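Novice: Sequence:
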Amino acid sequence: MDETRNCPVCGSIVGPDEHECERCGFKLVGATEEIESPGAAGSGLIGADPCGKPRLTLTKGPLKGEVFFLESLPVTIGRDPKCDIFLNNMTVSRKHSIIERLGGKIVVRDNASLNGTWVDGKIVNEAELEEGTLLQVGTFSMRFSCA
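Numbering of the sequence shown is given in this note's numbering, commencing with residue 1 and proceeding in unit increments.
It should be emphasised that the hints constitute simulated quantities derived from the structure, not laboratory data.
Hints are not guaranteed to be accurate.
Mimicking BS3-like on lysine-lysine, the simulated pairs with C-alpha atoms at most 27 Å apart in a straight line are [claimed, not checked]:
1) 64 / 122
2) 95 / 53
3) 122 / 60
As the structure is a prediction and not an experimental result, all values here were calculated from the model.
Start from the sequences and build out the full structure, keeping to the hints where you can.
Specialist: And the structure:
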């Protein structure tokens with residue numbers, strides 16, 4: 001489908017094959033773009049990855065219901081529009097946390113944020129994300145899933 005769309009941050013027109021806004025640098029990931037992955041085996045996490053298609057689903061906050069697919073790690077979370085997951089709220093630091101792969105695990109690491117990164121109700125510097133893990137960044141709560 002050759003449709004243009006608007007950047008959710010600055011409103012600029014973004015072409016159908018573009019994955020980043022030229023004007024503000026916002027990366028279009030997760031629910032902000034359609035994910036088509038035919039032949040994607042061997043690229044990022046799709047294919048032989050035991051986690052399948054890892055994603056975060058917002059369960060609390062202004063974007064409740066939004067889904068962010070973690071197709072290629074590391075993924076940055078923060079208030080900076082250049083972060084992979086942009087959460088525009090003052091309770092979120094500009095570069096709040098990072099999700100990355102360490103060995104065979106997917107982990108979240110706090111990036112010296114002001115309000116901390118919380119996993120299953122506990123503040124953490126680093127924690128493994130497993131099926132059903134609840135991640136909180138500022139006022140946003142997200143459920144991690146591999147399915």
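Novice: The structure should be examined with respect to each hint, and the outcome stated for every one.
Specialist: Hints and how they fare:
About 21 Å separates the Cα atoms of residue 64 and residue 122, which keeps this hinted pair within 27 Å; it holds. For the hint pairing residue 95 with residue 53, the CA-to-CA distance comes to about 24 Å; that is within 27 Å, so the pair holds. For a cut-off of 27 Å, the pair hint linking residue 122 to residue 60 stands: about 17 Å separates their Cα positions.
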